[in-house]
Structures are given as structure tokens and as C-alpha cells.
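Undergrad: Chains as they are written, first to last, in my numbering: chain A, 7 to 189; chain B, 3 to 786.
Keep in mind that a hint or two might mislead.
To be verified - Listed next, with one range per pair, are the computed distances between beta-carbon atoms:
1) 34(B) - 12(A): 22 to 30 Å
2) 125(B) - 123(A): 49 to 57 Å
3) 123(A) - 699(B): 30 to 38 Å
4) 521(B) - 12(A): 31 to 39 Å
Bear in mind the hints are in silico, worked out from the structure with no lab data behind them.
Heads up, the beta-carbon is just placed ideally off N, CA and C, and yes, glycines get one too.
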Amino acid sequence: MNGRLETATVPAGMTLLEFLRGRLCLVGTKEGCGIGECGACTVLLDGKPVTACLVLAVEADGGAVDTIEGEARDGELSALQKAFIEAGAIQCGFCTPGMIMSARGLLRRIPNPTDDEIVEAMAGNLCRCTGYEAILEAVRVAAQAKAVPHAGQMVAGQSAGGSGSQGGRLSSPRVPGEGGGRG
Amino acid sequence: MAELRVVGQPVPREDAVDKVTGAARYTTDLALPGTLRAAILTSPHASARIVRIDTSAALAVPGVRAVLTGADLDIRLGLYLRDKRILARDVVRYQGEAVAAVAADTLDAAREACHLLRVEYQELPAVFDPRDARKPEAPLVHPDLATYDHMRGVFFPKAGTNIAHHQKVRKGDSAAALAASDVCLEVSFDNPPVQHVPMETHAAIAHALPGGRVEVWTSSQSPYTVRHLLALAFGMPHAAIRVHVPHVGGGFGGKAGLGLEPLAYVLSRACGGRPVEIAMTREEEFNTTPSRQGLYSTIRLGATRDGRLTALEAEYVWDAGAYADYGVNVGRAAAYSGAGPYALDHCSIDSYVVYTNKVYGTAYRGFGHLEVLWGVERAMDRMARALGLDPVEFRRRNLLREGATTITGEPFTNGHGKPIECLEAAAEAIGWGRRPSAPSAPHKVRGKGVAMLHKAPAMPTYTSCAAIVKLDEDGAADVLVSGVDYGQGTYTVLRQVAAEELGLPIDKVHITWECDTAMTPYDWQTVASRFAYMGGNAVIEACADCLCQLRAVAAGALGVPADGLVCRDGKVFPRQDPARGIAYKDLALGYTFPNGNSIGGPVIGHGRYIATGLTNLDPETGQGRPAQFWTYGAHAVEIEVDTETGEIEVLRIATALDAGKVLNPLLCRGQVVGGIVQGLGSAVLEGFRFDDKGRLLNPNFVDYKIPTAKDLPREIVPILLENPQPGGPYGARGVAEHPMISVPSAIGNALRDALGIEFESLPLSSERVLEKILVARAPRPDTP
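Just chain A, same shape as in the assembly (with noise of 0.2 Å):
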């Protein structure tokens, strides 16, 4: 879980999302529809994006979980986050932890995305505040920016990202998605 082990017995019919949410206190992941309609609840699991909202908690077991909350490293800001603030790809931004998941995604399959492949990986991600046009940019910017490691902007204390992000080293590698929307 963002790189650290994490230890729980879980009903069975315990969703990823209500997991992360109820028993992680990771409640930077959001629930819009809670059928897998909106891509609101995006996270990685082996890499790869997937709406919490459709996977048991149990399908992670063994599994590497990335959360909005593990995107921040060491105090500062990913490139793809300052390029979200810098676009102004954010309003009131319900979506925009789910949204950075699945470019997370995109760009751990695709380093050097097209156009259209950006579009296809964030279609599924809904958004009503924004009309999109400023997160497909900070998608195409922090693509071209990811060679640069995190610099610049900090963020406010080492525990802003919530229990999962402390010290937190993404760990085990990634195995690529094979599509681009939402698994």
C-alpha cells in the first residue's frame, strides 16, 4: 500500500475503495458513482489503474496498491501533480485524485504518450467542472517533464499524504497495463 506492507482481515464483500476509505483512512480516493462509472476512485493495483470501487479487497492481497496519497514523495510534489496546479486542470477537484491515477497509469505503461493515447486513458475519468482541456495539458506536460525528478514546490508537512504516503518508496516493480481506461 504506497509502498508499505499493510496487514487486515476484511469481509469478503469489502471493496478496495470502501478498504482504503473505512479502514485506511486513506480517504483521498473518492467515490462518485460506486459502479465503476466514473473513474472518481482510481488507484494503481500492480500498476495498473483500476476503479476500487469493483475490486474486492481481497483481489489486492499480495498485491502493490497506489494511492493519490503515495503520488507525493518525500515532501514534494510529482511532476504530474505541479503540472495539474500549473494547468489548471483542478476546480473542485472531486476527480482529480482519480484523474492523476489513471495519468499515473498511462504513464507507467506509455512514457511518451500521443494525443489520442492520452485521451483514450483519461476518457473513462469523468469530470464536470473542468471540460478537460487544461487536464489532457498537464497530461502532455508532465509526460514531457518526467525526466526532471520532483522539484520545486513542497508539500505542506512529510504526513499531508495521509498514513499511506509516510516514508513511503514505491516498492515492487510495476507490471504494465495492458489498457489504457479503467481495468
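Using the hints, position chain B against chain A.
TA: Chain B only, in chain A's frame:
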């Protein structure tokens, strides 16, 4: 005006860091110890009597703490007309209306208990089309309408009918002017109800406290309105209610009024004061929470042969659904704006807000203007064509200009902005007058269209707000307001205003992100594109108050008159002697002399603003002054239509708005692009579908599509004009709703241009477009 340092700069949002890291907290992210979770049971019928509800099995579910039904709650709620219950009582008036609620230790237990509630219904006659609902034989949605409390003198419910409000506008003699016109036409249009679709559904937490007090956390646009309406509903003093608004995941008008707060409160009371959280599922968000009203329009236009509009008559029939909520005010506002931004000497508008047995309507970005201008701007194109005039030229000849009056009798001045410049700028940006470029395939065709838009904030004549600015020990400033930044960016703009006024860099000005009626000062509601204007003015006044206090203390410290002191770059100094400055940080809590003596005290500035010069409208003629300011604009689009699928692709859309002054170009562009794409949803994708029993058929994102990243126009050209608004902060006007208004009209006009086919109904979905293409192409039977 001195050169601006901060206002007008593309300052990023201060809340952005919290939002990209997941640290921003929304209502359901707040975990109070001991919070119970609640679920609701909704009606499967559009109109039915509740014969009985058996709660015994539900109460037996382990973990259930309370089950409430309408029978337990004899309270009426309402914004302008008190017609609604917290839970349906005796009768249900729409499919999706909440009839019972359960609070339990877990959400699973609450939902299980809801499934075990046994409700016996007796179906009643229902009415779904507002045009039918106006007929004398129509079943009455509210037989007791005559007894309901309402805002008198502003709204006029008609007892014994389904009419919740009838707004009239009368100017000149439209009947005579139409009769004398060279060319007349009558056209009808319609819009379906649509959903706001905030990504965060409605949610509230209530904590009933001893002594009849309550603390509420809610996903709301209007903390003070929530407090006020709770106070009225429950007969509580305002101070007994404390409303917090944390981050809000979008609203668009759907969270402007009272939502789940009363239900959360009665559940908390029923559970002995345990906090209760309730959040809508996405399906409930569609079925249960309010929507944008549907509209049926009939418009008659007259013109002279040389292209002057002589008269406009319109009848607007709004589909209010089961409750009036904001719908009555939408019907009012869209009537006084209901002729578009045109100079008309003769105008007659009747706007009826009509109850039906459907999910009820409320405010939605644009507040009725997208809907009426779908008709008006399509009618203007038809008139231009009837006259053989170019649609841009026809509009240019008839738009409001200095010397004209609006249809409510308000003189139009250059301070209103320049609608003609908006039209010309948008048209030019898409190469108006040149043929559309060649289509990308033989079965595709292209067309161009324009449409005007206008809107003023629809608000009471006495709307007010306040701001507090306090200085910190380090000389930085904190701004406190109770307008909500639910994404639109006003807080960043208010920080810029405060930085400009106080002479501080932007990173030394902060704004408090949680609104709290016990801590942050009054604001009416965060609606109507009026927060930057009114809140901006309040912040300017609060900053002036701070500067006055700073100068007074510095005068004592320096032994010079206060009126010779200048505040700049975080220091107060004599105009003639900048080197003798005192830093704000040494004045913020009071100034201490070297010997220890101290003067002054904490610097806290207070500012306020109240709408000025507005009047109630004459009930018979609608004449009066409804608007603090107007914002005008125009869209111009070029589209490509696939004649094999009916799909519309927007190749380019240019949107020109007279913003008065762009306070933050980054965030302003965000409003324009976001508004255009939301308008595109109304234009080509969105609309409720009901079956013949009034059941909503598309309450989810599979069947109700909103635009995705794949639906963007190929090119978006925002054009922001800056003809200043007298009285606006730095000359600014509101622009948040406007980009959405008239997007469907412009696309409809372009579709007519591309296909030669008229469309009267929204959305312009591919199946609707294809159907008309096929009909137009079908061989016609021989006619004599």
C-alpha cells in the same frame, strides 16, 4: 488607476496542493467519532397515497438505531414556497422521493433495513407534461397549494391549479406591433430536464446537541441559507445552528438550497444525538435530488422588412416537477431575461412554473437562460432567414445599445458592456462569412452558427455579504468569507484582490477554506455569478478598514499624521520618507515602543456589500430593476455532422464574453472552457427520459452520458472583453455561468446551416439528428 500587481495575473489556486495530494477534505471524508450512517427508501411510484409503512423488520436489523417516515415529521420546507416534506408524508409526488430513512452503525445495516421496510401504496392519478398539468381537468400535484406559506409580492402560486408561479413581463403593445409587422413567425421549442452531475453527490452530517442545538457539515453552496432554512423549519434560534462547509465537489446550483441537512438532523435527534452522515448514491442523485427544469417555449417574433425587430411574445411553460424549490425563481428570472439581449419596444412574456409528478427542478448554472435562449436564439436565426439577412447582421441591427431599454425598462448604458463587440469577436474568430471548410468525408457536412447570451444574477433586492480580513503576527493576511469556492476559483480571486489592496505579495494572503456560520461572516448564497462581484467589493472594503487601522497605529508610532502615510510592500511609511517605514508585522497585533509602551491592537478589518438600486418587479408588467449587473456574450461555432450516424463534432467554438475585467486569466479560462463543455452536454447528450408511469429511465452514467475527454471540441477560443462595469471590483462582472448559456442555440443554428433541417428539441443527440436526416431524405409521396 495605479498599475495592478496581482489582480489580472494567472495565480494558481491555493487549494490545488491539497487537491492533488488527496489532503482536501470533503463532507464524507470527515470522520466524527461515533458517526452513524444513513440510507433512504424511495418511492417507486410517481403519485401515490402511502397507506402504511411497516418498520418492524427494519428495526430488528442489528445495528439499526432509528427508522423515520414522513408520519414522524410534520414539517414543511421550502425556499420561496413551503411545499415540501423532509420525507414524503401521506402522499408521494415523484418516483424517487424519499419515503423513509434509516440510521445504523454501518451503511450496510442501514441499507438492509431499508430493503426490509414494507410500504403499502395506493396509486393516484399523475401528470407528467406541464402543458397537460395546466389543463383544468389535470390532477393536482398539491391540492393544498392555497394553504402554503410563500414569499408574497414576488411569487404568485395559483390556488386550485398546478401553477406554482406566473411571471408576467409587459412592455409596449406587442399584439398591435406584431399585427403591424412586415414579417411574423411563431416557433416552439423544448428542453428536457437534466441533472447537474456534480462529481461529489449530495452529502451531510448532522450532530444534534443538548439544549436544542445542532452542528452540521454539508456539501453545500450556501451555509447561511442552510442555517436560515433550518431555523425556520425547526423553530430554532439561528445561533443554535452551526453549519460548516468543507471542500465541495461541485454544485452548479444543485447544492444552492436546502438538501439533506434536515434529514440528517432529525435522524441524529432520533438517535439520541449521535452524529449521522447521509450521502446520496449516484442513482439517488439522479432520482431523488433536484434537477434542471424542463421547458416548453412558444415564441412569436415580428420584424420590419429592413430587419428591425418590432415585437416579441413568448410563453414559457416550465416543468417544475413535484416541488417549487428554486424553480419558481428560475421562471421569474428567465422571464425578465426572456427576450434575449435585444432592443424591443414591444414585448409580452408569460412564464408559468407548473407542478408535475416528476423529480423537482432547482437552480442550475445559467438559471433558466440556457433553456429560454435555446428558443429565442433559434427563433432569431429563423427570422434572419425569413428576411434574407445574415444572422450576424440581423442580430447586430437589433442588439441592445446605448439609449435602448431592456424589457423591464432599465436603460442600457455603455457600463453594461458591449454585446455587439462580443458578437463580432466570436463571429470573426470562426471566419464567419466564409464558407465552411471542406468536410473530412463525403458523408459529412459542415455548418456554422452564432448565438447571443446574457444573464444577470437572480437574487433578492437586499442580497448582501461580508468579509473579514485579519493580519497575522508575521504580517500576512487571512480573508474570511462565507461564499463557498466549490471549484469556480473565487477564493483565489479574492486573495488577489486582498493582496492588491493591502500591498502584499499573493503568498502573504490566505483564505480560510472551511465556511462556518459561527466563524465566517454572512453571505447570502454562492450562486448567480455574483460572488467575485459582491465578495470582491466586501474584501476591498475590509482591506481599506485594515489599512486605516494600520495607518492610525503607525501614525502614533512615528508621530506623524495618518493621512500622510502610505501602505505598500508590507510596510507603512510617510509618503515623503519611505525609509522610516514600519513593517505590517510590527503593527498587526499593536505597536510596541522601545520602552515597552504599546498602542493599537490586533488589526481586523470588516467589509460588506449589499445589492444597490434593485426593485421588486411590478406583478402585472414585470417592470423594475432586477439586475445588479448584466453580463453579455456570444458563441460562434463550426460543426461537422456525420449524415450516416447523426453525430455532431464541434470543430471550433469561439466564446466572447464581456467580463469587464479579467481578474485571473487562468481561472477565467477554466470557467469558460468548463462552461462550454457543460453546455455541450446539454446540447448533444443530456436529458432525462421517463416511461409512461413517470419512472426515470436513465439514472446512471451508462444511460445518461455527460461529456468525457473524448467529446471536447477540436478548438476552443475564449475571448474576454474588458469594457468595465461601474461598481464592479476593478470593473469586473460575473462570468461563471455564462459560458454554458446558448451553446445549444449556437450548435442548433449551425446544424440548420449544415443540414437545412430545423431542430426544436434538445438534446441534439445522434439518434434525433439521424432520424430527421432520414425523414428529410425519404422519398415524399406525390402531392398535388
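Undergrad: Each hint needs a verdict: does it hold in this structure or not?
TA: Here is how each hint holds up against the structure:
no.: 1; hint: 34(B) - 12(A): 22 to 30 Å; in the structure: holds (24 Å)
no.: 2; hint: 125(B) - 123(A): 49 to 57 Å; in the structure: holds (53 Å)
no.: 3; hint: 123(A) - 699(B): 30 to 38 Å; in the structure: holds (35 Å)
no.: 4; hint: 521(B) - 12(A): 31 to 39 Å; in the structure: holds (37 Å)
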